[in-house]
Amino acid sequence: MSQTAPQAAHPAPAPATPAAPATQADPASVDTPALLNRWQLIGMSVAIVFGILSALVQLLGWQADGRAAADTEQLVRVQEIQSSLLRADALATNAFLVGGLENADQRADYDVAIETVLTGITAAADAQPADRAVLEKLAVAVNDYATAVAQARDYNRLGYPVGAEYLSGASTTLRDALDGIPTLEALAQANTDRAEGSMNGQHPFWLLLIGVLALAALVLLNQQLARQFRRRINKGIAIAAVILLAVTLVGVVGAWIRDASNDNLRDGDLALAIDQADARTAANDAKANESLALIKRGSGARFVADWETSAGDVEASLRRDTGDQWNAYVAAYREIRELDEGGDWDAARDKATTDGADGSSEPLDSFDTVSEQIVKTASATVVDDLESGQEIALGVSVLSLLLGVVAAVFVARGIGERRKEFS
Amino acid sequence: MSRIRTSRALAATLTAGLLLLGACGYDDTVVPEPDTDKTTPAAVTPPVECDDATTSYDPSNDRTAARSELKNNKRLVVGVSADTLRLGSANPFEDNDIEGFDIDVARAIADALGVSLQLRVISAAERITLLKSGDIDLVARNMTMNCTRWTEIGFSAVYYNATQKVLVRKDDVAAFEKDGLASLAGKNVCAPTGSTSIDNITEAQPEAVAVGAANHTGCLTKFQNGEVDAITGDDTVLAGLAAQDPYAIVPEQDKLTDEPYGIGANKDDVDLIRFINSVLDERRGNGAWQASYDKWLKPYLGDATAPAPKYGR
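Protein sequence lines, in the order shown, are assigned to chains F and H.
Read in order, the letters of the first sequence correspond to residues 1 to 423 in our numbering.
Read in order, the letters of the second sequence correspond to residues 1001 to 1313 in our numbering.
Isolated chain F, as found in the complex (with noise of 0.2 Å):
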């Protein structure tokens, strides 16, 4: 950058100039040094002011990145008690059609399912304090539900009709609303719609709005300067208002990367996460009303209705790598209804309680694992995206804080030689 008015324009001599234009402003009147201050004061509070918005917004879109992979986790952790809490209900159900003396490694499956959600609501309890209460009442309906399974349990093994009482109203309880499911379903919203509220935590727009105000607060000075000492450009107001350029240039360019890449990750895996997650819920919960039917006997017209209900989730969101399994699945729940209703329960509940490949159990087994991988798997990516360059993120948000004082100091050098210049 070079000063096109290198003549020398010393102020004093006013009194000599009477044509001078209108404009100009008059040096008999005016107190250079204390404008020349004022200009200073007003040139570096800019580049400064600058620094510190544009920090703060790239702080922010830092901050919101940091609470989305946090969100995404907590939904995750959500949805993992969901499917587990179906998941050991599907197997409590399950085992009790087989009559008293459950098969053991069902009822072990069944005790990791409930271990896995009681550790999951402690995890999540202090993950997100926002849900801690919510989740408070959740442990309390899940420890009814064990309760009652276990009391539905120990009947059963005496021979007692009042066991199929206990697991049923379980079942029905944990379903109702304000009770375990409907809880987690608002809890798995709630956390999703934070999730993509804080992927939406990049703004470029704001920082491209701040460079250009303080880019054209400093052409402005620029002028002034220019109008009252006759020279066009002035050299650190110029160099200062290079680094705003160059501060500007790389936090626009930077936030609208990555607001583009989270853009992707909430329509691409974030969603396959959800969809796949709510897809296992689904699915463990149609295993359950397969079984709740068979215990009522042909008597369990609701429990059939809940099951279409859960197999238009589950197809929803069926996948290439989830289909087979998932149409072995309806396949031979079709058969046991089939079964069922033409008489012979003896052969539906053989069909929904073996652990063959000619059962209902394993496809939907298998189904449920490989929903599981898939959740871990679209989460983990989503989570270490939006983990990944934090520190480069932290490091521009604090840099632009520093370039603004760079700016602000040459802005003061650049004003100072104006005023040695009068002086």
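In case anyone wonders, no lab produced these hints; they're calculated from the structure.
Please read these numbers as outputs of a predicted model, since none were measured by experiment.
Among the hints, erroneous ones may be present.
Claimed, not checked - Listing some non-contacts, in silico: residues in chain H with all C-beta distances to chain F over 10 Å:
| no. | residue |
| --- | --- |
| 1 | S1116 |
| 2 | Q1253 |
| 3 | R1313 |
Claimed, not checked - Label pairs and their in silico Cβ distance ranges:
| no. | chain 1 | residue 1 | chain 2 | residue 2 | range |
| --- | --- | --- | --- | --- | --- |
| 4 | H | A1304 | F | L158 | 21 to 29 Å |
| 5 | H | G1186 | F | A133 | 32 to 40 Å |
| 6 | F | D358 | H | F1093 | 23 to 31 Å |
| 7 | F | A133 | H | Y1300 | 43 to 51 Å |
| 8 | F | A133 | H | D1171 | 52 to 60 Å |
| 9 | F | D358 | H | K1295 | 34 to 42 Å |
| 10 | H | D1028 | F | L208 | 45 to 53 Å |
| 11 | F | A139 | H | D1051 | 54 to 62 Å |
For glycine and all other residues, C-beta sits at the position ideal for the given N, C-alpha and C.
With chain F fixed as given, assemble chain H onto it according to the hints.
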């Protein structure tokens, strides 16, 4: 001075901005309130008066005519209970087979008809609806014969005379045996929603608080969880509940009502009802009724003989 003031203002603004930034938080998660169920209660049908509630059709052993009235002529679909111990309940030690006093009657009818038997578990509230819709052929589920029901469905002759009684906690037995129903004043008494038992207890002891449940086993879970103090119902059903809980006792007491059991059928299936009556006659005569009673109910209800049938409808 001016510069210092401006700098201070700037610093204060920035500090406030940073504090606001740090204070960014989340709203607490809220579980939405459920839509309240605004279903209107079903209209109460006024009871029908008659003097032949236990009178059925004359027996007939015309099996062909009876089979022609089945929904599927190779299968008899009977609505039963699977949770009423001693009358009809699934036995987890016997592959969950449903067994009991009512089930013996259903099996005898299917055997006599020469068709397979399909037991369909139904609730008490479903008995008349499913018979009228034709989803099931018969109901063998401790169903009391009364005049109101005769206007909607048909019945076989009486196969057991039950009575309505009250079950209480073990520590309430002394009070109940001393004061009878008066001891239930202010207590929660459970019976299946929509059953005549709940009406009978509120009529006999208006100061008792009637609590409904889906079925008698649902009442037992409420009883065990301390939500109700007593259960009322047929002595046969209460015997099954008492068998599952040593602290649930049916004290010595006068009966509240008579509850004559009949096999329910569709009102139009008169030939089927006549055939069932011939099967019931045969069971009374060949000792099958007595053997079934002795096996399922005698240990809890004492000696009894088969009720005499009344025909001529």
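How the hints compare with the structure:
Its closest Cβ contact with chain F, about 7 Å, brings S1116(H) to no more than 10 Å, contrary to its assignment away from the interface. Non-interface status of Q1253(H) relative to chain F is upheld: no Cβ of that chain comes within 10 Å, the nearest being about 23 Å off. For R1313(H), the non-interface assignment is confirmed: its Cβ lies about 30 Å from the closest Cβ of chain F, beyond the 10 Å cut-off. A hinted range of 21 to 29 Å for the beta carbons of A1304(H) and L158(F) is consistent with their spacing of about 27 Å.
Against the hinted window of 32 to 40 Å, the Cβ-Cβ separation of G1186(H) and A133(F) comes to about 36 Å, which satisfies the hint. Here the CB-CB span from D358(F) to F1093(H) is close to 26 Å, well matched to the stated 23 to 31 Å. For the pair A133(F) and Y1300(H), the supplied restraint of 43 to 51 Å holds, since their beta-carbon distance comes to about 49 Å. A C-beta distance of roughly 39 Å is found between A133(F) and D1171(H), which places it outside the suggested range of 52 to 60 Å.
Look at D358(F) against K1295(H): about 38 Å separates their beta carbons, and that is inside 34 to 42 Å. For D1028(H) and L208(F), the Cβ-Cβ distance of about 35 Å falls outside the hinted range of 45 to 53 Å, so the restraint is violated. Judged by the Cβ atoms, the range 54 to 62 Å given for A139(F) and D1051(H) holds: they are separated by roughly 60 Å.
Of the numbered hints stated above, those contradicted by the structure are hints 1, 8, 10, listed in ascending order.
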